[in-house]
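Chains as they are written, first to last, in the numbering used here: chain A, 1 to 199; chain B, 1001 to 1199; chain C, 2001 to 2199; chain D, 3001 to 3199.
Worth flagging that the hints you see were computed from the coordinates, not collected in a lab. Owing to the predicted nature of the structure, the values given are computational and were not obtained by experimental measurement. Even glycine gets a Cβ: it sits at the ideal position worked out from N, Cα and C. Misleading hints may appear alongside valid ones.
[What the hints assert, rightly or not] Okay, the calculated beta carbon distance ranges per label pair:
1) V145(A) <-> G1167(B): 54 to 64 Å
2) S2029(C) <-> E1037(B): 19 to 29 Å
3) V145(A) <-> L1103(B): 52 to 62 Å
4) L1182(B) <-> S2002(C): 23 to 33 Å
4 protein chains.
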Amino acid sequence: MSTNRLSSFSDGVFAIVVTLLILDIRIPSVAPARLGEALIRLLPEALTYVLSFFIVVLYWVVHHRVSHLVRSVNGPLIWLNMIWLLFVSVIPFPTALLGRYPLQQIPVIVYGVDLILANVTGFFITVYLKTHPELCVAPLGPGYVRRQVPSYLFTNGAYLLAIVLAGAVPAASYLIYAAVLLWLIVRYSRTREKGRAPA
Amino acid sequence: MSTNRLSSFSDGVFAIVVTLLILDIRIPSVAPARLGEALIRLLPEALTYVLSFFIVVLYWVVHHRVSHLVRSVNGPLIWLNMIWLLFVSVIPFPTALLGRYPLQQIPVIVYGVDLILANVTGFFITVYLKTHPELCVAPLGPGYVRRQVPSYLFTNGAYLLAIVLAGAVPAASYLIYAAVLLWLIVRYSRTREKGRAPA
Amino acid sequence: MSTNRLSSFSDGVFAIVVTLLILDIRIPSVAPARLGEALIRLLPEALTYVLSFFIVVLYWVVHHRVSHLVRSVNGPLIWLNMIWLLFVSVIPFPTALLGRYPLQQIPVIVYGVDLILANVTGFFITVYLKTHPELCVAPLGPGYVRRQVPSYLFTNGAYLLAIVLAGAVPAASYLIYAAVLLWLIVRYSRTREKGRAPA
Amino acid sequence: MSTNRLSSFSDGVFAIVVTLLILDIRIPSVAPARLGEALIRLLPEALTYVLSFFIVVLYWVVHHRVSHLVRSVNGPLIWLNMIWLLFVSVIPFPTALLGRYPLQQIPVIVYGVDLILANVTGFFITVYLKTHPELCVAPLGPGYVRRQVPSYLFTNGAYLLAIVLAGAVPAASYLIYAAVLLWLIVRYSRTREKGRAPA
């Protein structure tokens, strides 16, 4: 299978996930005079919507960078890619859960676990590419995987902390998710501009 | 990242948003004999559906023209693009709100605010491209941004007027939204035919 | 705008519409012992689903053939194309209506009117292309539009008959919709194989 | 019609189906304290979600391989392809049914019948290509269809067994669906790596 075809299938999935997210914010059914309050009560859903929108977009950016390294795909790589897409396609569910049950422990955990699973799959793909240079445009340099470990540990460590804190101070978990997202956005914007190796 | 990949991701989002809009018009649950009345009561939803359909399509046309100017994209441009897509992806929500709560102040405001935010982001992208000629196919001419300011001020000024009028005469706000849309459609059809610079 | 970009945007819309149709068939909420009956009651929805699935696919085939004639697009052609897409994007609504209110007059009318509007728009596009040879790969031959009139009149005449009969014998209207669809599928399959001019 | 255009339309449908699946897992409406139990009750829906996710992805992989053999498409091939897409587009319905009515006979049957219909259509396409070498990149070898018969009989035989067992031991049917899926994934991963003829 050509890398192109797998990439554009994946692109389609990312674009659909990111656009479907809005469907989970339901229009309130109230008397017109109470619409203002009803919309304010949707604020948690609106915030988790924005959070997930950018997380999915970020996964798309990361996916794009990884797929740029790949010359051809084989069976295992296709299925690793699909497992990654599975955890991304699931995102509307924890997003809606987090929005409908704000500041509760379980939704924070479900959300974090899904992101960690997606990240672990993404990391496995990098390792797989490193050990299968015949699939890559150019063999990945000796430090390629190692250079990504700190950021990988930091991101998932932060998500783990958010999960641990979910019972006691769920608000802190929200802040962690938002802060990690911002950090990743800044990080991915910078590496590109400096023309560094894809991270 | 190639402009192409970002464009086709964005195209996907526009196509999905425009197609999802219909899902918000729910089939009424009434006795068959009362189906006629029930459908007539859906008229506000049908009208806002058509309005938003063409607004999203128009954003797609605008997006397409802007992306035609771009040779390569960097981090900030990707994220500006995504913020634009965020405000476009949100459109099904204010659309459904406007349809379910016709002639009410709050939906008119929410709708207008979303459009203004999308437009402001689009304008920022133009300014960013102007100040980063290295990203463009050809540097944008000296008057490029300036030439767009009147139409930009007119469109968003009209939306602002619609928002201000929403409490007193919401019907006027609807007319403003529809009139601006028609004006923009005519405008974008004409500039293309005359072969003028993209606006 | 390149024909390609407009085509792939339109392709996206067709693919999404055709796939969204299934969302309107709701899973019944009954005791497991009564699931069989509940599913049998979904038969009208299943049949209209299949009908609309192939109608949307057929529009996609027709759209594809028309876009093959086009070299470049201008403003009016973009907006004619979008009006066509509007009537196609709407299809999930009359489909669900027809499925939930089987053998009723109004859904048959709504369904037929939407198809006729889509067809009329498609016909306008053909006429527009005929009168704007500069947009076409090659000028359309003298009889190009004329040759399509009989099939156009037949299809829409049949839909009109279905609408007229909807009050008295709605079952006949269903048969007409299904028969026209079959006839069109056979017709479009044949013209292609004989390598005739696109119809 | 070019193979490319039909392929990318089909790709779009596969990507949308796979992403829509998540919409059928509804967020429970319970008191926050009971959210844990409510989510555990969603386990059957989560499992059928994962099952269908990979089944759709697998159909995409199979579709991709078949389309690689095709040089040009004619009417009948387009419609055979669309019938295949119909049975794939339907998948969200039996998936949700299986998830909401776990361990019941009817959903297991509906699910299995849809998969068998999709497979039969896929097989018909292979036979059609075999007998229409003018549509293929290269004529399919003498044993091409025959080589696929065992795997085809095994897969659909297993599904048939799942259907037959659905009344007595529905849990066995679930295991059969999962086992066949795993077997197909392994099989499709291997054939690719060995560079064998597409299966």
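Here's how the hints hold up against the structure:
no. : hint                              : in the structure
1   : V145(A) <-> G1167(B): 54 to 64 Å  : 59 Å, holds
2   : S2029(C) <-> E1037(B): 19 to 29 Å : 27 Å, holds
3   : V145(A) <-> L1103(B): 52 to 62 Å  : 60 Å, holds
4   : L1182(B) <-> S2002(C): 23 to 33 Å : 26 Å, holds
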